[in-house]
Amino acid sequence: MSVAEPTNDTPAEMVQDRVLSCTHCRLPVPVGLIEPGATEQFCCSGCKMAFRLIHSSGLEAYYRMVETTGTSSLTRREEEKLSNRFDDFDQPAFFDRFGNPVDEEIDEITFLLDGIHCAACIWLIEKLPQIVPGILVVKLNWARQTAKIRWKRDAVKLSKIAQTLSHLGYMPHPIHRSTIEERRQNENRRQLTRIGIAAAAAGNNMLIAAALYFGMFSYMSVGMSQLFRVASCAIGLASLFWPGRVFLQGAVNAIRTRTPHMDLPIALGLTVGSIAGTVNTIRGTGEIYFDSLSVLIFLLLVGRWIQFRQQNRAADAVELLYRLTPQTTRKIVDGRPVATFVDLVQPADILEIRAGDLVPVDAVIVGGTTEMDESILSGESRLVGKSVGDEVMAGTKNCRSTITIRVVATGRDTRLSKIVDLVEQASLEKPTIVQWANRMGGFFVVAVIVMAVVTLAVWLWIDVSVAIDRAVALLIVACPCALALATPLAISVALGKAAKRKIMIKGGDVLQQLNRPGMIWLDKTGTLTEGKLEVVDWYGDNSWKALISDVETKSSHPVAKAIVEFVENASGRVSSSLVDQVTEYEGQGICANGPGLDLLIGNESLLLENGVSIGSRHQQVADRILGANLAPCWIAVNGSVNAIVALGDHIRPDTKLAIQQLISTGWRVGVLSGDHERIVRQVADRLEIESGLALGGLSPEDKVNVVQNSLSEYPTVVMVGDGVNDSAALSAASVGIAVHNGAEASLAAAPIYLADEGLRPILELMRISKSTNRTIRMNFAASLSYNLFGATFAAIGWINPLVAAILMPISSLTVVAISLTAGNTNRTKAKP
Amino acid sequence: MSVLYVALPVALFLAVIAVIAFVMQVRTGQLDDLETPPRRILFDDVERRSREPGPGHVDEEAKP
Numbered sequence: 029m030s031v032a033e034p035t036n037d038t039p040a041e042m043v044q045d046r047v048l049s050c051t052h053c054r055l056p057v058p059v060g061l062i063e064p065g066a067t068e069q070f071c072c073s074g075c076k077m078a079f080r081l082i083h084s085s086g087l088e089a090y091y092r093m094v095e096t097t098g099t100s101s102l103t104r105r106e107e108e109k110l111s112n113r114f115d116d117f118d119q120p121a122f123f124d125r126f127g128n129p130v131d132e133e134i135d136e137i138t139f140l141l142d143g144i145h146c147a148a149c150i151w152l153i154e155k156l157p158q159i160v161p162g163i164l165v166v167k168l169n170w171a172r173q174t175a176k177i178r179w180k181r182d183a184v185k186l187s188k189i190a191q192t193l194s195h196l197g198y199m200p201h202p203i204h205r206s207t208i209e210e211r212r213q214n215e216n217r218r219q220l221t222r223i224g225i226a227a228a229a230a231g232n233n234m235l236i237a238a239a240l241y242f243g244m245f246s247y248m249s250v251g252m253s254q255l256f257r258v259a260s261c262a263i264g265l266a267s268l269f270w271p272g273r274v275f276l277q278g279a280v281n282a283i284r285t286r287t288p289h290m291d292l293p294i295a296l297g298l299t300v301g302s303i304a305g306t307v308n309t310i311r312g313t314g315e316i317y318f319d320s321l322s323v324l325i326f327l328l329l330v331g332r333w334i335q336f337r338q339q340n341r342a343a344d345a346v347e348l349l350y351r352l353t354p355q356t357t358r359k360i361v362d363g364r365p366v367a368t369f370v371d372l373v374q375p376a377d378i379l380e381i382r383a384g385d386l387v388p389v390d391a392v393i394v395g396g397t398t399e400m401d402e403s404i405l406s407g408e409s410r411l412v413g414k415s416v417g418d419e420v421m422a423g424t425k426n427c428r429s430t431i432t433i434r435v436v437a438t439g440r441d442t443r444l445s446k447i448v449d450l451v452e453q454a455s456l457e458k459p460t461i462v463q464w465a466n467r468m469g470g471f472f473v474v475a476v477i478v479m480a481v482v483t484l485a486v487w488l489w490i491d492v493s494v495a496i497d498r499a500v501a502l503l504i505v506a507c508p509c510a511l512a513l514a515t516p517l518a519i520s521v522a523l524g525k526a527a528k529r530k531i532m533i534k535g536g537d538v539l540q541q542l543n544r545p546g547m548i549w550l551d552k553t554g555t556l557t558e559g560k561l562e563v564v565d566w567y568g569d570n571s572w573k574a575l576i577s578d579v580e581t582k583s584s585h586p587v588a589k590a591i592v593e594f595v596e597n598a599s600g601r602v603s604s605s606l607v608d609q610v611t612e613y614e615g616q617g618i619c620a621n622g623p624g625l626d627l628l629i630g631n632e633s634l635l636l637e638n639g640v641s642i643g644s645r646h647q648q649v650a651d652r653i654l655g656a657n658l659a660p661c662w663i664a665v666n667g668s669v670n671a672i673v674a675l676g677d678h679i680r681p682d683t684k685l686a687i688q689q690l691i692s693t694g695w696r697v698g699v700l701s702g703d704h705e706r707i708v709r710q711v712a713d714r715l716e717i718e719s720g721l722a723l724g725g726l727s728p729e730d731k732v733n734v735v736q737n738s739l740s741e742y743p744t745v746v747m748v749g750d751g752v753n754d755s756a757a758l759s760a761a762s763v764g765i766a767v768h769n770g771a772e773a774s775l776a777a778a779p780i781y782l783a784d785e786g787l788r789p790i791l792e793l794m795r796i797s798k799s800t801n802r803t804i805r806m807n808f809a810a811s812l813s814y815n816l817f818g819a820t821f822a823a824i825g826w827i828n829p830l831v832a833a834i835l836m837p838i839s840s841l842t843v844v845a846i847s848l849t850a851g852n853t854n855r856t857k858a859k860p
Numbered sequence: 595m596s597v598l599y600v601a602l603p604v605a606l607f608l609a610v611i612a613v614i615a616f617v618m619q620v621r622t623g624q625l626d627d628l629e630t631p632p633r634r635i636l637f638d639d640v641e642r643r644s645r646e647p648g649p650g651h652v653d654e655e656a657k658p
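These protein sequence lines are chains V and D, in that order.
Under my numbering, read the first sequence as residues 29 to 860, first letter to last.
Under my numbering, read the second sequence as residues 595 to 658, first letter to last.
A few of these clues could be false.
To be verified - Here are a few chain V residues that face chain D, going by a calculated C-beta distance under 8 Å:
1. 228
2. 252
3. 616
To be clear, the hints were calculated from the coordinates, so they are not data collected in a lab.
The structure displayed is predicted, hence computed values, not measured ones.
Yeah, the Cβ is synthetic: ideal placement off N, Cα and C, and Gly gets one too.
The shape of chain D in the complex, shown without the other chains (with noise of 0.2 Å):
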């Protein structure tokens, strides 16, 4: 049972990386929009030439 002390601190520190993931994707606007991703998935650039990211990728940089 005393593998809980170490458990516990593991489980909370890989909470708190959660946690930062998700403040960094509300900061980046990637759940500003909650309607037209679902609808841009739809389609892969297989056809494409060159491989460069879609638009859906491009983050709102944020404002100065």
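The following block holds chain V by itself, in its conformation from the complex (with noise of 0.2 Å):
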């Protein structure tokens, strides 16, 4: 009964607003898609098509949760064009790659989805064995927007339920499998399971020893006592061969590799404090150390597995962006372009490159002309002209006319393959570095077993009865409880920062290493640049600039844009009809004919051939362009010279003062790029970067070498970058970061990946990092003054067992609140 409810109230009530909103989605419906009389209203036939499918299928109680939720409006769904688009789902190649059987009947596959947005949309989604009968279990990962979907393999095929799916508003993009995925749930269900037993047995353990604690001050048979202290010493021992082996496992590790680690300190002071709480359990008498061991191996478990959920939280982030499937890409098949995957490709097939498209696999034109950028493999910015039998390589872009391409090589087998095999080696040869936490560490051992030594050593010699008992309370209170906790909690919450600003960052370490200035090395390409041209300079007539804007329209090549910007940023946009007639000249520019008027864009050979005479007056002004390492575009009207351009790379904007700032806080800044030296150059001018580090004309592998020769110079060495061609050099880095937008490869090889453009990120990340550093120094800072005291006060014999009890949680406690608290004044002061 309540099924028709939010379909006749809906448009009676906008009735009156004199705006119809679609039934689907709410957005107002254009006035030509109103059906008079009708109670649902549809602003598009996508919308139209998802209401016919949720109310057929008796789920209309989603239009009601949409409302509770309050969500304002839902994203218009656009009726989708390619309706076979969805066909290749059903080929074998395409479940081969991303689907994956679960028994003989029953398959499963995980989709990405778009426009999941409330929780009404996961009711939607989890419903769909309603709508399509065959589907099994839809379940829906909110986190990562993502669906797993299981059904009947004969009951309903794949292409269908993706349809589905789409019709609904959801588009469905297949993700590879990874293996990756299940590792990590796996860590992740181990990791709980630790904690989970550290926690029984801690909580326990603690009641058990308040217990202890009464007694001590009211009367408690030994007996008594006998049975509690029994039991605080199973828990404890329990506590230690299960959850806690991690440590002791860890720390045989360290020894082994001779790598001291933090483990090793906390192996130690576990280990001494069981023995010795054990010897007194069968004693029975002295103190028995569980309640604050078991704590303490919780404690320690929380901290670990805090870190790893918020590294993973980046890393999936960045995972799912790379383990898209790029894109769809156009077969021939039968003289007709039909839509098909690009895993599915294979070597001889005919694509179609449209303009404006990545190339998917390395072929060779076999009817077309264009030009390419194929900056993500040379990291030059100006476009390459190609035409029949010129080859193209995957990952370049088609930027002027459709192709017809024959593929010759797929996956990894292109070029493109080749660099990213590049990355796996850079990777390979970079220095490992201790961190500053780890050395400490080693320190600190080497601390505590000399202080014990010496403690029972003078103690031996003063009263031999207590000295035992004096070394293993110090290395029970000197226990680096507070000490391992401080770089993880303080890094977890780093990350959670910095991903608030959309900087995923994959480890922790790197936020340590950005904290020692050191050296930038900036791809120009996609960095700092956009890959396009601007308008640096004008010289001559001004008058002439709507009528000259207005020609360039006409042309999609880079220069016609850039002067179309800048004309459109100078005085809006106008629009003359004087022009009748537009002819563009391959490479040279572009005329303009009307009446009484004769228009010439291009370079200097294009004047020439046209009969147009070049003074040395103008001749000088050309010369001081290319002096500046700009390009300098003639325009002339009517037979003469009207004006020429300075044309360079464009800049994005900010870029300027991001550099200043890293300079200012004690970085060298250097560009690093595959692009023409001269270009390179003129870039680094207008950026005032040291001409000294601009350097160009670099090959993948020249960049490599200038990133580990700058290795052994300076204690950090960061790469900004985003091509495919940048990420060996990338992860050769000590800090590689890849930028919005980067290739999948860079993605991979970086440990930071900034999603918002330009360099602003990067001036955050450092900010970001000093403080997480100076968060880190300040809990080492207490957590050391703690054990600096407490072991102090043991060697004396001060620390009665209750003290002890009681310092232990109180530094674990300090530290966490000064990670959190940290965090937080840092927030509000980063808001402007």
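Since each chain sits alone in its own frame, please combine them into the complex, following the hints.
Below, the structure is given as structure tokens:
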């Protein structure tokens, strides 16, 4: 009964406002689509189809949910133009790549879905089995925006499932299978199991300890207290040998590989405490320590798990980006282009690549002429002309007109993949850096052992009966519980903070490296510049600008776009109709004719060929432009030179300021580019980067060399880049930062990914790194002073068991408090 | 006070049961995704004809 309610209400209420809103998505309905008298109104056929689908499956409750959750408007569901685009989903090759057979009858696949925005979406998507019979289970993961679908192989086709999802407005994208996810899930489960057991042990041991302490002040029989002590000992040992085993194993590994590690002092403290506790339990006298030990194990495990989760969250976001199948491409079948998946393309297939599309494979052009953007491979920002017989490489972009190509190599055989292999090599050669915290851990162990030995020796000399007790108490009190929590807590707070600003950090240790200023190498194209031209200067007559811009709108050449943008920024959009005919000369320029008008825009040769004479005054201007490493573009009106435009790479706004701020915080900034040296120099000049640090004409291998050489000169070498040609350098650098829209290889190579454009996030990152390191140091100072005082008092013999038991958790709590508050004060500070 | 001789083992036994329950939860994957379920719970299936278990209750069968 409730079914018709929302559909009746909505249009009636909207009529009063004289605006009809779409029954499905609540957007206003265009006048042409209003159906008079109908209760349901739709803004597009996509919404209509989605509504029908939901309605016929008896899932109208969805609309009420949308209202309850207060979702303002759903995304507009446009009709999918290629209705056959999901046909490929049924191919065996597709399933092999993305799917996962569960058993003989059931298959499973995971899709990344667009447009999940509220709880009602979860509800609707998980009701998919009601809409499409044959689907068994749909399970949505909100954080990752993925849906895992299981269906009966014979009952329904995958293309039908995908189509239904897209009709509902959730475009499904297949993602590659990955074992990382499963491994991570297993690790998460293992860690949770350990935490659960450690928590139970810690909780119960604390209760027992409370009973024992009360027993010290009031009467408790010896038998009773011994019962509690034995129970505590049993729980403590269980906690040590089950969840606490990771620390013991870590310590054994640390000894075997001779790398000091935080696990070593922890394991030492745990072992000594447990042995002393067990001995005292058996003797029936003395402190048993097990309450502190099991709490310690629990807290340490929680700290590690928090850091594990934060890192995974960042890694997940980036990983999904590069596991997404790049795109569909258009394959020529029987003379007609058909959309298909890049993964299914075979050598010798013929593909159609339209202007603006990426070439997905290595191939040879068999039809058409175009200009290609090969910057992803070469770093060169200028377009390269290509015609029939020329090779085109995977990852390059077609910029001018449609071409057809014959596939030569796909997948791992492409040049692109070969460069990606370089990445792995570079990361193998990278020196490992021992973390500051771990080095401290090494010193710490030595210091504690020395103190314990001295204490033992001194007390053996003074009073033999208490010597062993004193030394053991010292080892327990000095156990680096807070010390071990200090780094993971501070880092996980920082990772969360960074993720909020769209900075994805895959490992915590880079934050510590960024704190020591060194050398930053920036890639030019994509990082400093946007890979397009801009007008830097306009010499000459201004009065024809409007007309020139109007003519240039008819061309898609980068120079034309730059001029149009320049004029429109200066004087707004102007349109005139003085021009009848526009002709474009490949590689030269553009020519426009109208009544009493003859306009030429292009290079010197275009003007000379059309009989325009170039005076020495103009030649001087052109020379000056060339001298500044910019490119001149000539404009002639009715046979005489009217203006000369200086063109250069378009530099992202704010870049100059960001670079100056980096330099002022002690970094040296340089440019590494595959682009021509002259162009790199020009960009460096405009950004005031030292000309000695602006290197151009570099191959991917050269970039790796430069980065590796500077590793020996500077404490930290940061590489910022986006292209495949940067990815090897990204992985060779001590910290690699991949920027917005980067190629998938660079995402995989770099431990940091910036989801926002420009250099601002890098400044943000440096700030986060600085505050994190401050927090870590504060944590260390706090916990070290606890340990120092504790150990000293224990050595003198001042510490009684009660004080020791209180001191240990308090030091951990201090560290937790410092980590969390440091994060908060910085968050408010950073907000402008 | 001698009741403690019984109470302590009983308490520990209960703790062991809780730990076993928790480990089973983890093993069946109920704690893998901590962000979707709090959103899923918002709606109950009142107008449904048959009360089949909602998708939220489907555990991931452990891989063989």
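To see whether the hints hold, each was checked on the structure:
1. 228: holds (5 Å)
2. 252: For residue 252 (chain V), the interface hint holds, since the closest Cβ of chain D sits about 6 Å away, which is under 8 Å.
3. 616: Interface hint status for residue 616 (chain V): violated (58 Å vs cutoff 8 Å).
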